[in-house]
Amino acid sequence: MITIAGAGLAGLASAYELAKRGAPVTVFERGQKPGDSSVARFAGGMLAPYCERESAEEDVVRLGGQAADWWSQITPVTRNGTLVVTPPRDHAELTRFARRTSHFEKVNGQAISELEPALAGRFESALYFAQEAHLDPRQALDDLVTAVQSLGVEIRFATSAPAGVDLNCTATAAGLPGLRAVRGEMAILHCPELQLSRVIRLLHPRMPLYLVPRADGLFMIGGTMVESNSDRPPTLRSLTEMMSAAFVIHPAFAEASVVEIGAGLRPAFQDNLPRLTEHDGSLHLNGLYRHGFLLAPAMAQQAAQRLLKETCT
Amino acid sequence: MQIYGTNISSRLLLGTAQYPSPTVLKQAIEACGTEIITVSLRRETADGSGAGFWELLKDSNCKVLPNTAGCHSVQEAVVTAQMARELFGTNWIKLEVIGNSDTLQPDVFGLVEAARLLCADGFKVFPYTTDDIVVGEKLLEAGCELLMPWGAPIGSGQGLRNPDALRAMRAHFPDITMIVDAGIGRPSDATRAMELGMDAVLLNTAVAKAGDPVLMAQAMAQAVEAGRNGYNADPMEPRDMAVPSTPTLGMAELI
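Chains A and B are the protein sequences, given in the same order. FYI, in the UniProt record's numbering the residues of the first sequence are 1 to 313. FYI, in the UniProt record's numbering the residues of the second sequence are 1 to 255.
Keep in mind the hints are simulated off the structure, nothing from the lab. No residue lacks a Cβ here, since even glycine has one placed at the ideal position from N, Cα and C. Keep in mind that the hints are not guaranteed to be accurate.
[Unchecked claim] If you want the footprint, here are the derived chain B segments under chain A, 3+ residues with CB under 8 Å: (1) 9–15; (2) 84–93.
[Stated by the list, open to error] Some chain A residues flagged as far from chain B (calculated, every beta-carbon gap over 10 Å): (3) Ala56; (4) Glu57; (5) Asn80; (6) Arg99; (7) Ala181; (8) Glu193; (9) Pro205; (10) Val226; (11) Ser228; (12) Ser230; (13) Ser257; (14) Ile261; (15) Ala268; (16) Gln270; (17) Asn272.
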């Protein structure tokens, strides 16, 4: 029996990979139900390895390349790419972003309006990352729970993990040396009159924003990165900046309903890359940072291989 | 070079925001050999919640210069400075009072007032100001012992937009430590600032947002040193006409 602490993204993805390899698995989760205490609830759910390369190491592209295929086994994945836009006066940001990334096509206003009719006439140029994808994080967590349970994994909710579990996936609660929290803030807007089919990233020197379309006229917006371990609700400043950036993407957001705001703490090591480490008698999978959905599959595969190799010998 | 009584040998001051990761930041600090790093105390982390990041900065062995980045009023800047003093255990403060959230231009009136309050409260103030000489005088009267004129708006990377004003400022305040703060985009901009006789350069975005921040940090350190040496070496004056470096009289006639 392999024991896992934490039924968040890392814990569930690892349980899935272990169970698929035939291992019996039990997951312990402090929360009452799936995703309760998981920062992944607040994620954008973008599977965007090429865009992330702008500020991340090449490892993120390498490890994240198969994420969309992995998630497609479990939950609906929208493979419509990412459109990166900028207001005309910040065009230098688009040039810089293009220099740091790959696998995109430079598109003009005409092409933008063909991809996203709602954005017709709003931007003169954009970068189109056709191979990127996105998913709905909460549905993905629920679907992942169903998937692991159907593989025979037992998840014990409202139960603290015993000491010395085989795999610890408790994010910022793990207290690993060198692990810190990077706070992110988000909001969910309801704007049924606006139709967008792919992730839109707005580049701006001070308030970059990502906007992720979800079902039923909902949009998730986020983008803040604060070196803080406070999980209090979003600040007015962050919300004001995010909302005005959304308004720059489309003025229809002025009439959107704000249906939810939230803040979460992303666990990150000092190089902002995830890793498997031994600590206090457990293997830890941690440090997914802002790349949870993108990197959890590859890291879960590594964790499963390592644990099964160890239990065989 | 002495800054508020502390001997400093590196004339490059480095900001710590916007790096791809703390690891890259640490490598950039090491690559450029800076001795003073600026830290932005955002209001949302003023409760100490940013401790994980600050511990890393304390490990760098650099002197920490907290700043009041993003403060838009005198009161906000003063309160932020007081919180920074407690959190970082230093009375150094880089004072920013922003007058316009779009251009991030300093509010020089608020700046002078905040500088007066903070100097009276025992702070060693590093004022981020424009290249206006009269404002510079008011800041010195308020108790500042150095000036930090801008090269160009924060984060713009435009280099020195008004080198004549900086040159005039240098001439007007020959004995005051002056640090060009903001606007540096490329190493040549830093060299130019140092060739004007500035004592040091403070930059952040140019390194943090470069494709290879560590290499750019090194390049900036070299540029600052080259500019300083060039200034000390007393460069030649440019001339309108070519001056042949070989004599024209007495040359052998070729038949």
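- Task: Just double-check Glu193/A for me: nearest Cβ-Cβ distance to chain B has to come out over 10 Å.
- Result: Given that every Cβ of chain B is farther than 10 Å from that of Glu193/A, nearest at about 29 Å, it holds.
- Message: At least three residues with a C-beta closer than 8 Å to a C-beta of chain A: is that true for the segment 9–15 of chain B?
- Response: violated (count 0)
- Does the claim that Gln270/A lies off the interface hold, with its Cβ farther than 10 Å from every Cβ of chain B? Label violated. Min Cβ-Cβ 4 Å, cutoff 10 Å.
- chain B versus Ser230/A - minimum CB to CB distance exceeding 10 Å, so not interface: violated, 4 Å
- Item | Non-interface claim for Arg99/A, where every Cβ of chain B lies beyond 10 Å | Incorrect as stated: the minimum Cβ-Cβ distance to chain B is 7 Å, not above 10 Å.
- Message: At 10 Å, judged by beta carbons, does Asn272/A keep clear of chain B as stated?
- Response: At roughly 4 Å from the nearest Cβ of chain B, Asn272/A sits no farther out than 10 Å, so the non-interface label is violated.
- Task: Take a quick look at Ala56/A and tell me if its Cβ sits farther than 10 Å from every Cβ on chain B, holds or violated.
- Result: Ala56/A is in fact no farther than 10 Å from some Cβ atom of chain B, at 7 Å.
- Please confirm whether Glu57/A is truly not at the interface, meaning its C-beta sits more than 10 Å away from all C-beta atoms of chain B. Answer for Glu57/A: violated, closest chain B Cβ roughly 8 Å.
- Query: Taking C-beta pairs only, is Ala268/A more than 10 Å away from all of chain B?
  - Reply: violated, 8 Å
- Say whether it holds or is violated: Ser228/A keeps its Cβ farther than 10 Å from all Cβ of chain B. Its Cβ does come within 10 Å of chain B, the nearest being 4 Å, so this is violated.
- Please settle this one: Ser257/A was flagged as non-interface, so is its CB more than 10 Å from every CB on chain B? holds, 25 Å
- Query: Can the segment 84–93 of chain B be counted as covered by chain A under the rule of three residues or more with Cβ-Cβ separation shorter than 8 Å?
  - Reply: Three-residue rule not met by the segment 84–93 of chain B, so violated; n is 0.
Hints 1, 2, 3, 4, 6, 7, 9, 10, 11, 12, 15, 16, 17 from the earlier list are contradicted by this structure; the remaining hints agree with it.
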